[in-house]
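Enquirer: Here are the chains, one letter per residue:
Number of protein chains: 2
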Amino acid sequence: MTDFQPAGLDRIELLKSLTPEERVALSRQCSWRHFHAQEQIVDRSSESRDVCFIVEGRVRVVNYSLSGREITFDDIEAGGYLGELSAIDGEPRSASIVALTETQVAFMSPRLFLETATQHPAVALLVMRRLARIVRSATGRIMDLSTLGANNRVHAELLRLAKPDLRPDNTAEITPVPIHNDIASRVSTTRETVARVFSDLARDGILERRGNHLVILDFRKLENMVEGVRGD
Amino acid sequence: MTDFQPAGLDRIELLKSLTPEERVALSRQCSWRHFHAQEQIVDRSSESRDVCFIVEGRVRVVNYSLSGREITFDDIEAGGYLGELSAIDGEPRSASIVALTETQVAFMSPRLFLETATQHPAVALLVMRRLARIVRSATGRIMDLSTLGANNRVHAELLRLAKPDLRPDNTAEITPVPIHNDIASRVSTTRETVARVFSDLARDGILERRGNHLVILDFRKLENMVEGVRGD
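Quick mapping for you: the protein sequence lines, in order, are chains A and B. Read left to right, the first sequence gives residues 1 to 232 (the numbering used here). Read left to right, the second sequence gives residues 1 to 232 (the numbering used here).
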């Protein structure tokens, strides 16, 4: 319990509608732990159904095929939470959670999480919104896996990463340069395919690496490459 | 309003924890409509964010690629509901809804749905459970699309359909015989692939059509065919 932070849950977006006193009371009922980068926070095969509140740091939710092939899902920043699926339905973990940086986690029991999430309408709404966002993203991924080839899935992932930075001059930067293996995991292909697609795009003047940035030189053209195929 | 049924929502599983009086009050605030088989209940491109309670009949949630290729998702029976994603996040519909039989629907506004779902803890929990189930099923589908070939996805879908009927003698029946096109939509392949896989399985003594039933003669063997590949 040396990691216990009475006001630690104040940083958690889900609980912002509670009073500071309510959050302190919840904090006392959580288990607090610190993790180093690359340390496993929750193993997929573990029996725990606790919800993890990320108080400091950044974590990655990773799903594996039976053979151990990594199929990445999502990165969660400080202020977020994860692991609610098992708390809600009592079923086994669907994924493992790994620390990407030094990370402080508050573990909350399923009983306490469900009590908190259903007794406070504002919290209930946020839990539903997050689940809805996960459903939307999974549905989009199913559509892409069903209708796009591997090359175009890499294109679609680049568009997704670059979109927040899209500028009026039709360029966008991705910082830092994404790791080939991460993209490969996210779109269910191999690292080699990602490397090949990157060098094809560079040759065609659509993509350029500049130090720590990956620059999309022609966002619309890349978008059209994906849309053209999605419409096939 | 000729279709209005004061006690119609009594059949809705989500609302069973409310009092009969609370359900009648909600019923009065819904719009009630009757649909014939094959009639469109909600168009994907519609502006409506209403939640649909299926009071009588059966409906299908259908997603399409831009080109109009059908990618089926789910069938919902009387007592169920759907369309809550748009009510929760205010985003456009992710799918269309079509009546499979004569169907009675009560449409509830997003505002009233969210009020009901967040003010009643038992209702909130059921909404979260349903979303969690959708996430689990989508995640499983992403894993299958990422790791299995089309043939094995047809096998996996047959296992899913047959599992509820699995008997001690290692056989199982699917009734009625599934339509090739429906399976093709669900696992993102073509009708021709489904037909070919069925005839391969029949030749190998794993599958047999008997009138209105499709009989899995060796469930374990079919299971091993999928597990063997999932583990690759």
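Honestly, I wouldn't trust all of these hints.
All copies of an identical chain are treated as equivalent in the list; a pair is satisfied when it fits inside any one copy or across any two copies.
[Said to hold, decoys possible] Derived EDC-like pairs: lysine to aspartate or glutamate, alpha-carbon spacing no greater than 20 Å straight-line: (1) Lys-163 to Glu-91; (2) Lys-221 to Glu-91; (3) Lys-163 to Asp-182; (4) Lys-16 to Glu-91; (5) Lys-221 to Asp-75; (6) Lys-163 to Asp-43; (7) Lys-221 to Asp-165; (8) Lys-16 to Asp-89; (9) Lys-163 to Asp-75; (10) Lys-16 to Asp-74.
If you are wondering where the hints come from, they were derived from the structure by calculation, not from laboratory data.
Enquirer: Now, for every hint given, state plainly whether the structure supports it.
Expert: Structure-based check of each hint:
For a Cα distance limit of 20 Å, the shortest separation of Lys-163 from Glu-91 across copies, 18 Å, qualifies, whereas the shortest one inside one copy, 35 Å, does not. Proximity of Lys-221 and Glu-91 under a CA criterion of 20 Å is satisfied in neither setting, with 44 Å inside one chain copy and 26 Å between copies. Taking the shortest Cα distances, Lys-163 and Asp-182 sit within 20 Å of each other inside one copy (18 Å), while across copies they are farther apart (35 Å). In this homomeric assembly, Lys-16 and Glu-91 never come within 20 Å of each other (Cα to Cα): the closest approach is 28 Å inside a single copy and 23 Å across copies.
Taking the shortest Cα distances, Lys-221 and Asp-75 never come within 20 Å of each other, neither inside one copy (28 Å) nor across copies (38 Å). Within a single copy, Lys-163 and Asp-43 get their C-alpha atoms no closer than 32 Å, and across copies no closer than 28 Å, so neither meets the 20 Å cut-off. With identical chains, the CA atoms of Lys-221 and Asp-165 are at most 20 Å apart within one copy only, with a shortest distance of 16 Å there and 51 Å across copies. Within a single copy, Lys-16 and Asp-89 get their C-alpha atoms only as close as 24 Å, which misses the 20 Å cut-off; across copies the closest is 19 Å, which meets it.
In this assembly of identical chains, Lys-163 and Asp-75 lie within 20 Å of each other by CA distance solely inside one copy; the values are 17 Å within and 34 Å between copies. Taking the closest pair of Cα atoms, Lys-16 and Asp-74 never come within 20 Å of each other, the shortest separation being 23 Å inside a single copy and 35 Å across copies.
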